[in-house]
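Under my numbering, read the sequence shown as residues 785 to 1116, first letter to last.
Worth flagging that the hints you see were computed from the coordinates, not collected in a lab.
Computed from a predicted model, the values in this text were never measured in an experiment.
Not one of these hints is a red herring.
Below are the DMTMM-like pairs computed for lysine to aspartate or glutamate, each with C-alpha atoms no more than 25 Å apart in a straight line:
| hint | residue 1 | residue 2 |
| --- | --- | --- |
| 1 | K895 | D968 |
| 2 | K918 | E818 |
| 3 | K918 | E817 |
| 4 | K791 | E1054 |
| 5 | K792 | E1099 |
| 6 | K792 | D811 |
| 7 | K918 | D943 |
| 8 | K792 | D840 |
| 9 | K792 | E1054 |
| 10 | K918 | E1079 |
| 11 | K792 | E1079 |
Cβ-Cβ distance ranges computed for the label pairs, FRET-style:
| hint | residue 1 | residue 2 | range |
| --- | --- | --- | --- |
| 12 | R1062 | E818 | 34 to 42 Å |
| 13 | W961 | M810 | 48 to 56 Å |
| 14 | A1012 | I982 | 25 to 33 Å |
| 15 | L956 | P808 | 36 to 44 Å |
| 16 | Q789 | A1072 | 33 to 41 Å |
Glycine residues also receive a C-beta, built at the ideal position from the N, C-alpha and C atoms.
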Amino acid sequence: MPESQHKKSWLNREKAFAAFTTGPLMDFWQQREECELVGVDGVPLRFVRFLAPQHDRVVLISPGRIESYVKYAELAWDLFHCGFDVLIIDHRGQGRSGRMLSDTHRGHVVKFSDYVDDLELLWQREIANGPWRKRYALAHSMGGAITTLFLQRNPQAFDAVALCAPMFGIVLRLPEWMVRHILDWAEGHQRIRENYAIGTGRWRALPFGLNVLTHSRERYRRNLRFYADDPSLRVGGPTYHWVREGILAGEQVIAHAASTTTPMLLVQAEDDRVVDNRMHDRFCAERAAAGNPCEGETPLTITGAFHEILFETDEMRAIALNAIVDFFDRHN
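Kindly generate the complete structure, drawing on both the sequences and the hints.
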């Protein structure tokens, strides 16, 4: 299918979503290469590859918290059919990668920089010396924070990077001073610091009507089924320590925003209830003031979108995906 025709299909896929996912997408998924490398502290890291000899560009996808590469089949299909090889990592503590705690539902990391070290390891092993003419990254939420911290160490690693709803700040239900007080207190008690953060717990299936991630019933139900069918993929709420590390990571991203020079497109969900959009605006403003503006100087806001922009309804998803592919093409 020519690329222009493929892009048109983005606008009406949900109408026959079951036929697409059980037909062409399933056939494509069977062609994946599942691989493993050893990350920080010996934690096994799983990743998946889609390669074609005619492709001379690659995209590394860095997913969000609790996500696995199995969820990203549709995005991989779309990028692959736009002429990109695709690699997707399962971050430590989630997906098919190793866990740090005996309760595998607890979203935990010892240091946020472990995620960054893992990504750097994958980049060095798979991408740095690969056969591609151009290298790109596409990251969502927590993956956006990880990727941006990686770029602050390695500004030349990618030719261009697109971030979707990156986790530069977390939406908190309590006042910030109170959250910091609780997290600092929990940090001093190992049993508590490694326990579920207040108001969270083990994974459970939420009905579509209660979700704040996407307006797409078809994509939400499909993604839920991955976790329902394969209990080993399930991750529940974060630990107190993970929340603390996540907040500090966002602060580090903002503190060094001015030195982040890689060409970057930041895509923002207008109705995000998970990450703090004000931090996106601040990040872009810091970069612009330093003379390295993000694409368009400010975030590209997807009107009406919830947090998972690339799993939104066809219309919203197509706006974001077209902008991302066009952005990569401009840095070709």
